[in-house]
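Colleague: In case you want the letters, here they are:
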Amino acid sequence: MALLDVRNLSVEFKNRRGNLKALDDISLSIEAGEVLGIVGESGAGKSLTSAAVIGLLQAPGYVSAGQILFDGRRIDNLPAEEMNRLRGREIGAIFQDPLTALDPLYSIGQQLVETIQAHLDLNVDDARVRAVELLQETGIPGAAERFYAYPHQLSGGMRQRVVIALAIAANPKLIIADEPTTALDVSIQAQIMLLLKQLGARHGSAVMLVTHDMGVIAEVADRVVVMYAGRIVETGPTREVIHHPRHPYTIGLMNSIPKLSGTAERLQQIDGAMPRLGSIPSGCAFHPRCRQVHERCLRERPETFTAGLSKVACWSVKEEQVAA
Amino acid sequence: MKTEMDMGSRAVAVSGLAKYFDTSRPWLNRLLEGAPKQVMRAVDDVSFSIERGKTLALVGESGCGKSTVARLLVGLHQATHGEIRVFGQDIGVVKTKAGKALRQKIQMIFQDPYASLNPRWRIKRIIAEPMLEHQLVQGEAEIEKRVAELIATVGLSTADLNKYPHQFSGGQRQRISIARALATQPDFLVCDEPTSALDVSVQAQILNLMKDLQKNHGLTYLFISHNLAVVSYVADEVAVMYMGRSVEMADKDSIFCAPLHPYTQMLLEAVPDLEMSGKARQAPLGEVSSSSNPSRGCAFQPRCRHAVARCAEERPEMRRVEHTLVACHLAKPQWLNARQSASEGS
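Which chain is which? The protein sequence lines are F and E, in order. Take 346 as the starting number for the first sequence in the working numbering and just add one per residue. Take 59 as the starting number for the second sequence in the working numbering and just add one per residue.
Don't read these hints as lab results, they were simulated from the structure. Treat the hints with care, as some may be off.
As the list claims (entries may be wrong) - Which bits of chain F does chain E cover? Going by a derived footprint, with three or more residues having C-beta under 8 Å, they are:
#, segment
1, 359-370
2, 435-442
3, 520-532
4, 555-561
Stated by the list, open to error - Cβ-Cβ distance ranges computed for the label pairs, FRET-style:
#, chain 1, residue 1, chain 2, residue 2, range
5, E, Glu207, F, Leu401, 42 to 50 Å
6, E, Ala93, F, Val469, 44 to 52 Å
7, E, Pro391, F, Pro486, 30 to 38 Å
8, F, Arg584, E, Ala159, 54 to 62 Å
9, F, Ser606, E, Lys273, 21 to 29 Å
10, F, Pro582, E, Leu343, 30 to 38 Å
Glycine included, each C-beta is placed from N, C-alpha and C at the ideal position.
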């Protein structure tokens, strides 16, 4: 049984003119110890998916359909109090901006001790020992002295390490990392990616890694889910999706990424832009930008087909299969 | 004008450029607490030149001084030392009346297309402003015609001219910024991270557009970026900066195929491996330290795997090694091969 099982999840936003569907029929699962990457451009709904899983949807957003099962138990309809207990202990979270995730008025030691005591039955001294261990584990040099430092005294990379230490404080089964390296320089990004990988392997925690950066996915994720306009367009093992993308959007996305070894004079581009929530096209949401659009794509939303090791929501992939 | 611009094939020449910022405590604290004067050397002794119609990419991590260089080049900062010549003319005159013609030839594209367009102006006015400022066009009809040309050049339609910035996506806004920059028919564009706020599929559109414009208008670019993959796509030459100094400068192929400075090597190694070749890699060491207390020696020495005693004592000067200018005591042409055989051996 999967550790996290999201079934046909839809999230809508109420507004004066009716409901906007921000997530539309999302199904995904994460096995224990697995790193699942969720990739997409701004507005694809990747952060919303992670917010829904962790129960942090902001009103007027709400789960309009579907279920979220964690460890076999339904968590999308839990009362706030029970969700609070689950969050942090069973599901840890790492957010994009490490400065806003930390309280500027408390030393990082105080914040760690508070978090540890909230989830584990330890006295202050033991919690303190555990806090220093966590700082060491996340690769902060001079952990015992840094215990007393305030967030503003640390660099961006160090802050992100503290946020990671907070997230793993209670040894959660699942860590949700929403753009954990986006605010960091490349050299620091490489350090943090390596750290995430090591921690996942050492503790057997599953990781849900949300990012816009295919490079980060390639480095860290076992499997990847590609999202577009609130829907999943392709999912499969990372290597398969990167080397043999099948959905026209994934193909376009891979081709538009400049590569170090690239020799092309021009990048292949996807014309147009991601649709806004209020005006998602009929049928396949990608059809106005797609190069192999069929008449059927305009009318009918594509079902998900198995193609090789991947699953793809595209009519033309289906056609190819029928032809072959 | 014409003859002046023909001087030298180098469109832009910068030598010994430096910009120091005074970061001292207020004078009262200095007086009462004896706090010392402090100077932040944001840019320190940087030299480069750009050939007409080519692109020089300035690469480095946050705080290395690359944006300060951009601002110095367009005259938004006054240099502490050094000289900047654009089309043979000293940029020092840029703020004077005589500098107006020069100013027209230099334009800038900013990183954040949400902050660089006035939200209360229509697109038409945003694009027309530089032309009106420089009195390049007279009369409604002519302005209208020019603006329509410009908006078409960047791939938007004339129907968009009456809209406001908030009605556009990030990529479209960056197109508008480019149209505005082109309004004065400049020869030199300073682009400070023009695509780093954009999604990859949109980034590809903007990079392609910038390349096309360069070809059609013979533009010279200074392209600032932290993304090496983007740089490898747009640049002809690359300068790598670390803590206010340039550490390596060469043509694109030398930088990407045979990087000589350990910092450049580290940056290249840190780029995520999209090919998933499964190569083993080491995480980069350490972080950039604060540039307000520079050490005597090489600034990169605390993070360098190859550092020797001399690196802590003596600051390496830029010197030529094969096709590359590099500021490292240890850099030598065979280094790359030595490194490769070492990693194969282990």
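Colleague: Evaluate each hint against the coordinates.
Modeller: Tested hints:
Look at the segment 359-370 of chain F against chain E: 0 of its residues bring a Cβ nearer than 8 Å to a Cβ of that chain, fewer than three, so the hint is violated. Under a criterion of three residues with beta carbons nearer than 8 Å to beta carbons of chain E, the stated coverage of the segment 435-442 of chain F fails, only 0 such residues being counted. Three residues within the 8 Å Cβ limit are the bar, and the segment 520-532 of chain F against chain E gives 3, so the coverage statement holds. Counting residues of the segment 555-561 of chain F whose CB lies closer than 8 Å to any CB of chain E gives 5, which reaches the minimum of 3, so the coverage claim holds.
Take glutamate 207 (chain E) and leucine 401 (chain F): their Cβ atoms lie about 49 Å apart, and the range 42 to 50 Å holds. Between alanine 93 (chain E) and valine 469 (chain F) the beta carbons are some 37 Å apart, a value that contradicts the proposed interval 44 to 52 Å. The hint said 30 to 38 Å for the Cβ distance between proline 391 (chain E) and proline 486 (chain F), and at roughly 35 Å that hint holds. A beta carbon spacing of about 56 Å between arginine 584 (chain F) and alanine 159 (chain E) agrees with the range 54 to 62 Å that was offered as a hint.
For the pair serine 606 (chain F) and lysine 273 (chain E), the beta carbons lie near 24 Å from each other, so the given range of 21 to 29 Å is met. Checked against the hint of 30 to 38 Å, the C-beta distance between proline 582 (chain F) and leucine 343 (chain E) comes to roughly 32 Å, which is consistent with it.
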